[in-house]
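Protein chains in written order, with my numbering: chain A, 5 to 227; chain B, 36 to 491; chain C, 13 to 262.
Just so you know, the hints here were simulated from the structure itself, not pulled from any lab data. The reader is advised that the hints may include incorrect statements.
As the list claims (entries may be wrong) - The calculated DSSO-like cross-link candidates involving lysine-lysine, where the alpha carbons are at most 30 Å apart (straight line), are: (1) K172/C to K243/C; (2) K197/B to K413/B; (3) K197/B to K324/B; (4) K202/C to K330/B; (5) K43/B to K114/C; (6) K43/B to K413/B; (7) K202/C to K243/C; (8) K203/A to K43/B; (9) K203/A to K400/B; (10) K413/B to K400/B; (11) K243/C to K480/B; (12) K114/C to K24/C; (13) K202/C to K413/B; (14) K176/C to K24/C; (15) K43/B to K202/B; (16) K400/B to K330/B; (17) K324/B to K400/B; (18) K202/C to K114/C; (19) K243/C to K24/C; (20) K172/C to K114/C; (21) K114/C to K330/B; (22) K400/B to K243/C; (23) K324/B to K114/C; (24) K172/C to K400/B; (25) K400/B to K202/C; (26) K43/B to K202/C; (27) K203/A to K202/B; (28) K203/A to K197/B; (29) K413/B to K114/C; (30) K480/B to K202/C; (31) K324/B to K202/C.
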Amino acid sequence: MNDGRAGVLSAVREALEDLRGQVHEEPVPREFDEPNEEPKELFRQFATELGALQGAARLVHDRAACAASLSSYLRERNVRSIAVQSSPLAQEIARLLDGFDVSQAVALDRVALERCDCALLEARSLLADTGSAIVIMDNGHDRMLPYLPRTCVIVANIASLHATLTPQSLACIRDAATSDARGEALIVSGPSRTADIEKVLVLGAHGPQAVAVFTIEAQPAGT
Amino acid sequence: MTTAFDRKEVARAFQHPSASGVLASTLERSVEAAHRAHDQVEWEALRSAAHDIKAYAIANLDTLLMQFETQFTARGGTVLWAPTASDGVAHLLDICRRHGATSVVKGKSMVSEELAINEHLASAGIEPVETDLGEYIIQLAGQRPSHIVGPALHLSRQDVGKLFATKLGIAYTEDPEALMLAARTRLRARYMQAQVGMTGVNFAVAETGTIAVIENEGNGGLSSSVPPVHVFLMGIEKVIPRLADLPIFLRILARAATGQKISTYTHHFLGAEPGKTIYCIIVDANRTKLLADPKTRESLYCIRCGACLNVCPIYRRAGGFAYGGAYAGPIGAVITPQLAGMERAGELPFVSTLCGACQDECPVKIDLPHQLVYLRHKAVDGGHARSSVINRGIAMWARAMQDLSSYRRSVAWLRRAAAIGRGVGWYPGVLGAWARNRTLPQPPKQSFKEWWERTR
Amino acid sequence: MAVTFSATARYKAGEHVALFLPCYCDVLFPYVGQAMVALFSRLGIALEYPMEQTCCGQPAFNAGQWDEARTLGARFSRVFGEYQWIVVPSGSCGAMARGFYKYMDPESPAAAVGTRVYDLATFVFEILGRTDVGARFDGRVTYLEGCHGKRELGASAAAKTLLKAVRGLDYVELPNIDECCGFGGTFAVKYPELSVSMGQAKCTSIAQTGASVVSSQDSSCLMHIEGLIRKSQPSTSLQFLHLAQILAAT
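Chain A extracted, bound-state conformation:
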């Protein structure tokens, strides 16, 4: 099936004949300044940017407070069923929730996932100046989570908050892309949207209509 390989590569080489023998220096990756802001200031910026994208950001003191704040958010949205990503922080927050129908995403097929009201995911990195969360998903069930339920909740530690999109803030993607990890690293920036009709913005296109990011300030003792 791969007899086309030689064809494409030889055509490319032939096309580049005039450059043969010339040395092409690989451009040095551009350095970006990462302002050294206080975490609270970064969070304010993150919340503003995510708010501008019609997403919500909440700063919570610790994991218990996160679960409490999340519960009230979910009740406001009439969420009953939640599917949880198989990542440590999402799992721990899910355990602290009370009064919801909580399932492991890995235990659900695509039809069952579609029926869930809410996805609960963990961000490995947050980007303040774009209101973005980076989620890494290593199995096929988790990979459907950010899009199928109508509400998408993401939890993160404040230590993962970065000022902007830089090689440093994308280190979690680099780690995944240079290890044996499979699946997907997703940078999600607010609820899904479209402007395909007359450039009129509509939220909640094929993915969720609501995205909320809960950022936890305090680390549990011993970590």
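Here the structure of chain A is known, so what remains is to put chains B and C in place on it, guided by the hints.
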């Protein structure tokens, strides 16, 4: 792929004031949003950096493609090479047959339009399902996309409302949110049924064998995650050297395309997890023709943001269909003649004033106006220029300009033609084409040369 | 490929300067050349006019007929070869000489002579270092920007600065000044429906300024816009003047 610049489409665009008016004003808003977004960053420095990375990637394309293949394969994927468009189609059809697919859910892909994947799938009995709202709309309408980023921007909300009422049997509405919801509901079921999902590729990272796909609706996420098979379809030019290059492109792409700081979803695909099968079809389909000519090589730096279309005064008026191919606007006028053949699309580079607004706007600084004028030269040299009357006129003019006495004879002749024309109220040929809508300036009795000779 | 002018290039008194007058100006707009002569004379420079000059080849270049363009480029280099300074009251012919001879053949004599060609605005502002040329012009003036002058030569700021420094002149910026007027050489007659539509948008912008005079460094763009306006409003009081004519006025 059809043929050269279609003047009937221009006429149609002019006769459909609602559509062309909508198009012009939505594009103007896009440009304004993009300019506001440029101001948030060191735009010029980012453009230069992006240009340099692309220049490096294209100059080392063979090495980087092989590196990408090795890494993508190590991550559990299969690379399939397609020297021609039909090879690309054949690979996809093979995949569909092997996995027993009766339908394919598709994220947005310009290569798919270029290869007419939908037509080929349909004739093989496999249903193509476009999932991007704009693509879904034009698939229902039986049209082709008119814009790289906004495929259905030529349609008004009323057009879409009528289309959905007829094709989906819903009550007429022109509320974009209700229309989106109708599409969403219908497409959810299609994701669940499909065996194969297909997306385009924004950036393929050679260093890691990983692939970035950027979108706003979540349809790319669903197409790539729900079906058990995911096919990436990409042109050879999509490879970038390193993961560290990606932040630059993420900063410029959304800003140039829509004026967003970042698109809603930047997927970074890391390879096949258990239960998933992934393929990457790498398509040449005449891209190596663009590559082989140092004067057109830069057109392969394109990141398909659509900024050159948004700002182009010709595109704004003629609309996308006039270009007759998958790619419209300035970048379409540059690449289509090479991808589809000069003999079919050699006229496209002529439909431009060479104003250069596209180059100012391009986030990777492609030298578009110069490539347009260069392709005119190639079209003339190859005998593919269509306006032989004007070409012959210019050849005659150029001969006359080669010495002063024949210059003077030509000037005298033009004077007479203008005077006669003014007398009878009719001008021949190009003078007539000018004079239909504009007054023709009357040459004063004395030319500058005559004045100079008399006064010096 | 926008050309950047070397800051060290400066004109020294007594050096010869050749006038390169676009061929269509010779026939249709001789007063542009006359204004150039008057303006430079006031600036202390006696322009020389190589009588042998005809056409720089730009129409052929833009039409893709590069054989013809090369022949005329070679001729240009012979006619102007002896001059250190060559000034042209046109952005598009300036771009042909300065940029496109080189684009076709980087090593050609035309490319070399082309580096000594400057558009009027750039020559006065950058090479002579003048802002105030001693002109007086009473009226509300807007400026129609030629795309090649702006994008290939970077002459935009120079032209506007010179206009604004004219005594009595009330400069008003054209809305959407960056947008092409739709002339485009043979484009204007090959695709008249597009050309006219673009020109009409420009006419609307001009009307919005309330200007009594439209000026430009390119008589070709001006001819297109003037033609459109006069066709629909034969008795218009708008005046269409080349930049040289305004800078020459006293």
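Here is how each hint holds up against the structure:
no., hint, in the structure
1, K172/C to K243/C, "holds (28 Å)"
2, K197/B to K413/B, "violated (44 Å)"
3, K197/B to K324/B, "violated (43 Å)"
4, K202/C to K330/B, "holds (26 Å)"
5, K43/B to K114/C, "violated (37 Å)"
6, K43/B to K413/B, "holds (25 Å)"
7, K202/C to K243/C, "holds (19 Å)"
8, K203/A to K43/B, "holds (26 Å)"
9, K203/A to K400/B, "holds (25 Å)"
10, K413/B to K400/B, "holds (22 Å)"
11, K243/C to K480/B, "holds (22 Å)"
12, K114/C to K24/C, "holds (26 Å)"
13, K202/C to K413/B, "holds (19 Å)"
14, K176/C to K24/C, "holds (26 Å)"
15, K43/B to K202/B, "holds (27 Å)"
16, K400/B to K330/B, "holds (14 Å)"
17, K324/B to K400/B, "holds (20 Å)"
18, K202/C to K114/C, "holds (27 Å)"
19, K243/C to K24/C, "violated (46 Å)"
20, K172/C to K114/C, "holds (28 Å)"
21, K114/C to K330/B, "holds (13 Å)"
22, K400/B to K243/C, "violated (39 Å)"
23, K324/B to K114/C, "holds (24 Å)"
24, K172/C to K400/B, "holds (26 Å)"
25, K400/B to K202/C, "holds (28 Å)"
26, K43/B to K202/C, "holds (14 Å)"
27, K203/A to K202/B, "holds (22 Å)"
28, K203/A to K197/B, "holds (18 Å)"
29, K413/B to K114/C, "holds (17 Å)"
30, K480/B to K202/C, "holds (29 Å)"
31, K324/B to K202/C, "holds (28 Å)"
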